[in-house]
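Protein chains in written order, with this note's numbering: chain R, 1 to 544; chain L, 1 to 544.
Just so you know, the hints here were simulated from the structure itself, not pulled from any lab data. Check each hint, because a few of them may be wrong.
Pairs involving identical chains hold if they fit within one copy or between any two copies, as the list cannot separate such chains.
To be verified - Below 27 Å or equal to it, Euclidean Cα-Cα: the simulated DSS-like pairs (lysine-lysine) are:
| id | residue 1 | residue 2 |
| --- | --- | --- |
| 1 | Lys303 | Lys369 |
| 2 | Lys303 | Lys185 |
| 3 | Lys2 | Lys467 |
| 4 | Lys441 | Lys148 |
| 5 | Lys513 | Lys441 |
| 6 | Lys430 | Lys233 |
| 7 | Lys480 | Lys328 |
| 8 | Lys244 | Lys520 |
| 9 | Lys233 | Lys394 |
| 10 | Lys60 | Lys480 |
| 11 | Lys112 | Lys390 |
| 12 | Lys520 | Lys369 |
| 13 | Lys513 | Lys244 |
Number of protein chains: 2
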Amino acid sequence: MKNTYRSIFVWGDKHEENLGKGVIELVKEKFGYTNEDFQQQYMFGDKEVILEKPCSFPEKIIDQFVEISGKENVEKSDYARASHAMGYFFAELLLLRKGAINTPPDLVIYPKNEDEISKILQLCNRENIAITPMGGRSSVTRGLETSKGGISLDLTRHFDNILEINEINQAVKVEPGVYGPVLEKYLNAHSFTCGHFPQSFEYSTVGGWVAARGAGQESTHYGKIDDMVLALKVISPAGIIETKDYPANAQGWDLNKTFIGSEGSLGIITQITLKIRKYRPENTAYSSFVFKNFESATTCMRKTMQEGFGTPALFRISDPEETATAFKIKGFDNTFSDKILRAFGYHSGKRCLMFVTTEGDSDYTQLVKNKIRKTARAHGGFHTGGKPAKDWLKQRYNSAYMRDPLMDVGIMTDTVETAVPWDKLLPLWKAVRTYLETRDKAHVMAHISHVYENGANLYFTFLSPMKKGVELEDYTAYHKGLIDTIHQNGGSLSHHHGIGRTLAPWMEDEMGKTAMELMKASKKFLDPNGILNPGSIFGENPDE
Amino acid sequence: MKNTYRSIFVWGDKHEENLGKGVIELVKEKFGYTNEDFQQQYMFGDKEVILEKPCSFPEKIIDQFVEISGKENVEKSDYARASHAMGYFFAELLLLRKGAINTPPDLVIYPKNEDEISKILQLCNRENIAITPMGGRSSVTRGLETSKGGISLDLTRHFDNILEINEINQAVKVEPGVYGPVLEKYLNAHSFTCGHFPQSFEYSTVGGWVAARGAGQESTHYGKIDDMVLALKVISPAGIIETKDYPANAQGWDLNKTFIGSEGSLGIITQITLKIRKYRPENTAYSSFVFKNFESATTCMRKTMQEGFGTPALFRISDPEETATAFKIKGFDNTFSDKILRAFGYHSGKRCLMFVTTEGDSDYTQLVKNKIRKTARAHGGFHTGGKPAKDWLKQRYNSAYMRDPLMDVGIMTDTVETAVPWDKLLPLWKAVRTYLETRDKAHVMAHISHVYENGANLYFTFLSPMKKGVELEDYTAYHKGLIDTIHQNGGSLSHHHGIGRTLAPWMEDEMGKTAMELMKASKKFLDPNGILNPGSIFGENPDE
């Protein structure tokens, strides 16, 4: 698979997953697939990468970058440029499968230190060269697409150091290119945890978490990355900004919060100080429940968050269709357990699965667990033991691996997510379901996985056979209607994926003109020539 | 007391407190005061307000403001202007006592609605008139001083409405001029609480809490105001910005956080949506402890926050001198209880008092209470029952009333606060104490009252006889050295009082040049002519 497009877009460390029996059955049943259909290698992308577009820089510019970072840290091969041209958004995967990399970066640079980053930025600024910082590249928003070519600044080679752990302050200072598992292993060895476990955990970096304002699967307890950052160092064309690790302060407004979610548009994050928590997996308490319907499950979630008895760590409910899908894939249907559930009125197509863990001090985890069990019972939740939650955690990062084999057999699959206050949650969920199901042969699943006192996220997954020959146009139209539906029903454009080029067109309507102009004023000051990740958040032509 | 300077600066609803017996004894002992000294009415400020400086606006400008807000809502009397010229910072109180109001506003306007605010802003912008939004006026940072005259925009007359409570979302939408007790009473009647109880609670407004990025006495559980704001509406010369009440989001960066702490420099906040929590005072658990020294008390605090068993609501420790002062004032010394404490090694001059409450679900409050008792015991904490904490809460807002009678007898008294990571807390505490005690006849007290996993605040109170005739110069020099000491020892310029004109001179050194310029770029966009509260945060001449 060396040097193929496929080697770029396949998720994970180059190992591939096959579709399980349950998924194959689902696809057959839902989309009328035959065994033959599963043999296809649809837009398999197994050709060697050859870019039409060469590096557009004159030699003397390249020489200057080489002088800054050294020959071994400046790459211009087709493969290096292709593998830094975009992230893992469905539409990007389509392009990679087609070998249609239209705007590769001109160079990939792996800076060794902050001084080099400053120099690279100054050179880019002088020469009007776009520059996009890159971490694990797991963006699903076209947030990393080098839409104006230029430099892909890859921070994973040299900016991957854990700089300092402070056990008294419960804080760790890291560079942006540290991958999730590296950080977590280091912290665990010191009896701490970061508590941030996004779906992309294995292949995403701390810098990406911060830049895209991400959330982990246990954010209900540990917070979003917004809540974990104590201090940042950022290099921009206008200079260096370095905040301090105060636990709180009131010296003007909170500048950390200007860079968290800035998606590379304001500067290159070079240092991040994060809160850390005690690592005590032996204290984790696991529960799972089945509810009779989505309404009662969401009410249980809301009450849990509002009662003031502490917070669960993992806290998820699947809507009826996602629950039915999970049960089908697990081979649960028509088992004895299934019959019991149905006998008690927990019917397929209505029932909903909830997973809960609680973490922290052992008495606290037991208290919160017991409180949640009581709350669940009050809302008709049937306790199904700790094992399903434990099992879910064992495969917590797996669903990202499903996309490739599904696309290999011509199935469109994507996820879209939002956050809403409680009073808009059910109407939005229904509206989005209704919209997505207007499409012929669409399989739609939803869950809630980040829960707050004042509302929750909603996370939609959809599968549908691609329209061959017009895959991208078909997807784009479907996706647009989906975002419109979320937007019109009072959902945020994103809860934790970020904006990127995909959602930038909705930003002005969502934020309002003055808010967008205020954000652009910050960008204009830090990045007067608009070289930093142009296109993300503000769209391709923000000044038009 | 009608129309005197005194009626402006006396704290509270025009009722005055006398010094208690314990305080009088302390002042006698510490400062060598005699009974006669307590008879003085030092710079009593009981003259009628007469301003040297008339309203500088031409009639036609005044007419335009009158046309916008109505004659009854535009005031230009000396008294109205004097009572809107500044806040409650010690140096401001000195000026008011002296009748030295050098930069009163030209007009006081009480806008009735957002449309009027927009029109007033446009007029001010056109005519280059400074405008300072005013709430409860409890600023202790010169944050409200109308240093360039202009308009004081008083939001307490008409912008004092509670707009909407949403019990499902646990949120309340209010106007900025709502006073703490009004909001809390309303919420309690609906079985909710705001959880925000600053020292100034009785006479401060929600708008002020947000603008100055304040914290309440129970912030350890409920968070700072930063953590409570779900959405804001802000009117600036550049337009209106209105954020939405998402529980979280990732659509670019968090603009709420640009306005929280902006101290009126970016726009007029007209609507605020806050989180609210269930009101269950019957569940509150109270504890108090005495520790052998400050070190063990702070370690107990840190462990409490880092163990992951939940958080206390009120969580305070007084340092040895503040503890000794409290005991002296209470008449505790040489009582039987005192003797017991001393017999067990809890000696005056070293021992420290801790107050704790826990709030929320009743099982949770009991769990957290028990955990804290255990943690305290492990660090030598002597449990002294719930009553001292209950008693403290009964007088929780009282210390603000002490300043006037102390100043009446010629005593300088002020408070300064900071936040630090844990590893810098004790060195900073010692350095500030050492500095403050270089002054002859200084009584210095400190406490920690806002506690985090990663650090805590430190709050210093100092008393010292004023130097007659040079009160302001003396204070200013002493205060400057104090802030320098905090700054050099790694403390934030403020944890919750804000910056104002008092701390603005330190901002660039603290934040760095690029950070300050970034903040100014936001201001420049929203307020191109620099009319909004000029002087606060950025200093009087930010562009020099």
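Against the structure, the hints:
In this assembly of identical chains, Lys303 and Lys369 lie within 27 Å of each other by CA distance both inside one copy and across copies; the values are 14 Å within and 23 Å between. Taking the shortest Cα distances, Lys303 and Lys185 sit within 27 Å of each other only across copies (24 Å), while inside one copy they are farther apart (35 Å). In this assembly of identical chains, Lys2 and Lys467 lie within 27 Å of each other by CA distance neither inside one copy nor across copies; the values are 29 Å within and 81 Å between. For the homomeric pair Lys441 and Lys148, neither the shortest alpha-carbon distance inside one copy (37 Å) nor that between copies (67 Å) is at most 27 Å.
For the homomeric pair Lys513 and Lys441, neither the shortest alpha-carbon distance inside one copy (39 Å) nor that between copies (57 Å) is at most 27 Å. Proximity of Lys430 and Lys233 under a CA criterion of 27 Å is satisfied in neither setting, with 42 Å inside one chain copy and 29 Å between copies. Taking CA atoms no more than 27 Å apart as the test, Lys480 paired with Lys328 passes in neither setting, with 30 Å inside one copy and 70 Å between copies. Taking identical chains as interchangeable, the C-alpha atoms of Lys244 and Lys520 lie at most 27 Å apart whether they share a chain (25 Å) or sit on different chains (19 Å).
Taking identical chains as interchangeable, the C-alpha atoms of Lys233 and Lys394 are never at most 27 Å apart, the minima being 35 Å within one chain and 44 Å between chains. Taking identical chains as interchangeable, the C-alpha atoms of Lys60 and Lys480 are never at most 27 Å apart, the minima being 43 Å within one chain and 53 Å between chains. Within a single copy, Lys112 and Lys390 get their C-alpha atoms no closer than 41 Å, and across copies no closer than 57 Å, so neither meets the 27 Å cut-off. In the homo-oligomer, the alpha carbons of Lys520 and Lys369 never lie at most 27 Å apart, since the shortest distance is 45 Å inside one protomer and 48 Å across protomers.
When the C-alpha separation of Lys513 and Lys244 is checked against a cutoff of 27 Å, the pair qualifies only between copies, where the shortest distance is 14 Å, while the shortest distance within a copy is 32 Å.
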